[in-house]
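Put chain B on the given structure of chain A with help from the hints.
Number of protein chains: 2
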Amino acid sequence: MSRGFDEVISKVKSCGMKKIAVAAAQDSAVLEAVREAKAQGIADAVLVGDESKIREIAAGLGMDLSDYRIIDEPDMAQAALTAVKLAHDGEVEMYMKGLCDTKTFLKSVLDKEVGLRTGSPLSHVAVFDIPGYEKLLFLTDVAFMTYPTLEDKANIIRNTVPVCNACGVTMPKVAPLAAVEVVNPKMPATVEGAELTKMCEEGQITGCIVDGPLSLDLAIDPEAAKHKGATNRKIQGDADILLFPDIHAGNLVYKALVHTVPGVKNGCILTGTKVPVILTSRSDTFETKVNSIALAAVVAAELN
Amino acid sequence: MSRGFDEVISKVKSCGMKKIAVAAAQDSAVLEAVREAKAQGIADAVLVGDESKIREIAAGLGMDLSDYRIIDEPDMAQAALTAVKLAHDGEVEMYMKGLCDTKTFLKSVLDKEVGLRTGSPLSHVAVFDIPGYEKLLFLTDVAFMTYPTLEDKANIIRNTVPVCNACGVTMPKVAPLAAVEVVNPKMPATVEGAELTKMCEEGQITGCIVDGPLSLDLAIDPEAAKHKGATNRKIQGDADILLFPDIHAGNLVYKALVHTVPGVKNGCILTGTKVPVILTSRSDTFETKVNSIALAAVVAAELN
Numbered sequence: 244m245s246r247g248f249d250e251v252i253s254k255v256k257s258c259g260m261k262k263i264a265v266a267a268a269q270d271s272a273v274l275e276a277v278r279e280a281k282a283q284g285i286a287d288a289v290l291v292g293d294e295s296k297i298r299e300i301a302a303g304l305g306m307d308l309s310d311y312r313i314i315d316e317p318d319m320a321q322a323a324l325t326a327v328k329l330a331h332d333g334e335v336e337m338y339m340k341g342l343c344d345t346k347t348f349l350k351s352v353l354d355k356e357v358g359l360r361t362g363s364p365l366s367h368v369a370v371f372d373i374p375g376y377e378k379l380l381f382l383t384d385v386a387f388m389t390y391p392t393l394e395d396k397a398n399i400i401r402n403t404v405p406v407c408n409a410c411g412v413t414m415p416k417v418a419p420l421a422a423v424e425v426v427n428p429k430m431p432a433t434v435e436g437a438e439l440t441k442m443c444e445e446g447q448i449t450g451c452i453v454d455g456p457l458s459l460d461l462a463i464d465p466e467a468a469k470h471k472g473a474t475n476r477k478i479q480g481d482a483d484i485l486l487f488p489d490i491h492a493g494n495l496v497y498k499a500l501v502h503t504v505p506g507v508k509n510g511c512i513l514t515g516t517k518v519p520v521i522l523t524s525r526s527d528t529f530e531t532k533v534n535s536i537a538l539a540a541v542v543a544a545e546l547n
Numbered sequence: 244m245s246r247g248f249d250e251v252i253s254k255v256k257s258c259g260m261k262k263i264a265v266a267a268a269q270d271s272a273v274l275e276a277v278r279e280a281k282a283q284g285i286a287d288a289v290l291v292g293d294e295s296k297i298r299e300i301a302a303g304l305g306m307d308l309s310d311y312r313i314i315d316e317p318d319m320a321q322a323a324l325t326a327v328k329l330a331h332d333g334e335v336e337m338y339m340k341g342l343c344d345t346k347t348f349l350k351s352v353l354d355k356e357v358g359l360r361t362g363s364p365l366s367h368v369a370v371f372d373i374p375g376y377e378k379l380l381f382l383t384d385v386a387f388m389t390y391p392t393l394e395d396k397a398n399i400i401r402n403t404v405p406v407c408n409a410c411g412v413t414m415p416k417v418a419p420l421a422a423v424e425v426v427n428p429k430m431p432a433t434v435e436g437a438e439l440t441k442m443c444e445e446g447q448i449t450g451c452i453v454d455g456p457l458s459l460d461l462a463i464d465p466e467a468a469k470h471k472g473a474t475n476r477k478i479q480g481d482a483d484i485l486l487f488p489d490i491h492a493g494n495l496v497y498k499a500l501v502h503t504v505p506g507v508k509n510g511c512i513l514t515g516t517k518v519p520v521i522l523t524s525r526s527d528t529f530e531t532k533v534n535s536i537a538l539a540a541v542v543a544a545e546l547n
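Protein sequence lines, in the order shown, are assigned to chains A and B. Everything in the first sequence is counted per this note's numbering, starting at 244 for the first residue and increasing by one. Everything in the second sequence is counted per this note's numbering, starting at 244 for the first residue and increasing by one.
The following block holds chain A by itself, in its conformation from the complex (with noise of 0.2 angstroms):
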């Protein structure tokens, strides 16, 4: 049976191609990951950016580009608005960037007329395939929100729950994390952990089961969770979404996992948007990258 990232991937394929727009298209790690996906059935992409550079750089890989619709746009910061442009007016279903610098991408996401805006903050996930922990795990926020309020923490759920529903969770178990499992009024994670729980009880916020502050053995590990004797608690070492303190606690999870953990497998997206955004960094593996536009495709279709 296909589990993780695999069984993404299954049920992107079962759903039809979904396309990509790339804003900036002209970087080869980019041009490569997006010739896999299609490849792979996973999406099809219409490449905005500077049409000569793509051509070039296409050449150099050996990839065909026959099958794709280009649009040539050489600035850059105008071919993420062309781009973005087609995510908001339904031609494609995803946004990705390309050779285009963070803040400029951002900035076109976030366009009042052509972004892609929903009134929900922008928040990022990471998903993992982590060998020996039997599902998916939801990380959040690794990359994006820097010291989320307890408001933007509800947000962040909010964004990440439909994640989780279109990679086939339907009730994810959440993790607010702190570094320890107790309330401590000298800890203000643990603090908002617990009221974040509440706020679930009381159906503020829906479609998931909240349970903070949590250890990460609480959280992941079901014979820690065993031997501490965490038998009154919602999770026992089976979450599905890890939510962190702040983005230093995340991103140094998020890298010890990527760096030292043997076939461990990621794709990211940010959410919180109309269409999910592929924004991978030059550090990505070229697997992660097509990982990352698998779980947009799952997504799109799941919204459409």
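Honestly, the hints are just simulated from the structure, not real lab data. It is possible that some hints are incorrect.
Copies of one chain are not kept apart here, so a pair can be met inside one copy or by any two copies together.
Here are the computed lysine-lysine pairs in the PhoX-like style, where the Cα-Cα straight-line distance is at most 25 angstroms [claimed, not checked]:
id, residue 1, residue 2
1, 471, 441
2, 471, 328
3, 378, 328
4, 328, 508
5, 262, 508
6, 469, 508
7, 355, 256
8, 469, 350
9, 254, 441
10, 355, 254
11, 429, 256
12, 296, 429
13, 328, 429
14, 471, 508
The following block gives chain B in isolation, referenced to the frame of chain A:
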């Protein structure tokens, strides 16, 4: 060639056995670890606590006590004070928590008359042997100091450098970690990372090389450092000490490593004390407890 914890244990064996005083030794897991440490030639122990209970538990474990000094002190707090005084007076070289709550144990460590104060604040170091990383990694502070100030962070480094030295690392590379590797005034952890680097350059922190702020990939992955073009950094994926912004970031990474990396080994001690202090958690594995004793012993050998 032995490396990692095997190397630490080899080194300890060559130094001759040092002694631990155990506070409230009537604890099955602690007695098992103490027995193993003695069997391996890592450390001997003086067992302070409720003698009848100690003998009962030892009988259940098939543990021969004829070779151990036992001091009968049924009262937990008194047992801690009696045990810590042995360390204070130089009769033993390490101090370890048994069946004693952490608060009472720490009170004994900080006792003005018989405790182990040095004037430096206490901090915790977790030493990791991670398959694929070629040297030991010293994580601090993942369990004790909650929200260290800049001065606290300088002291944490000062506490940790001698532990590295004892493990054979002569000029450790210290990575003050953050989500990003550049100074961002909106992220205090990055500002403090730069300040600690400056303090080291100015000679306020000695015996190590500090290079912060650093993201975790640049700190521990030479390939990532190369890929990101970090050729001007003093640390290029070869850090020894990982200094965390706060306890949440530290503890979450610590538990991510323990609970997701196959074959990982670790041991922990408290530092900033007159002698190394072993404060294992009930959720630590048997191997981790033994490693913690070995770590304390190698530090004790360096001090003597």
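Results for each hint:
1. 471 - 441: within (23 angstroms within a copy, 43 angstroms between copies)
2. 471 - 328: neither (52 angstroms within a copy, 32 angstroms between copies)
3. 378 - 328: Classified as neither; 35 angstroms inside a copy, 50 angstroms across copies.
4. 328 - 508: neither (31 angstroms within a copy, 51 angstroms between copies)
5. 262 - 508: So residue 262 and residue 508 pass the 25 angstroms test inside one copy only (23 angstroms; across, 45 angstroms).
6. 469 - 508: Between. Shortest inter-copy distance 21 angstroms satisfies the 25 angstroms Cα cut-off; intra-copy 27 angstroms does not.
7. 355 - 256: Answer is neither; intra-copy 33 angstroms and inter-copy 68 angstroms both fail.
8. 469 - 350: neither (47 angstroms within a copy, 30 angstroms between copies)
9. 254 - 441: neither (34 angstroms within a copy, 52 angstroms between copies)
10. 355 - 254: For residue 355 and residue 254, the Cα distance exceeds 25 angstroms both inside one copy (33 angstroms) and across copies (65 angstroms).
11. 429 - 256: So residue 429 and residue 256 fail the 25 angstroms test inside a copy (49 angstroms) and across (42 angstroms) alike.
12. 296 - 429: neither (55 angstroms within a copy, 37 angstroms between copies)
13. 328 - 429: Classified as neither: same-chain Cα gap 46 angstroms, cross-chain 32 angstroms, threshold 25 angstroms.
14. 471 - 508: between (29 angstroms within a copy, 21 angstroms between copies)
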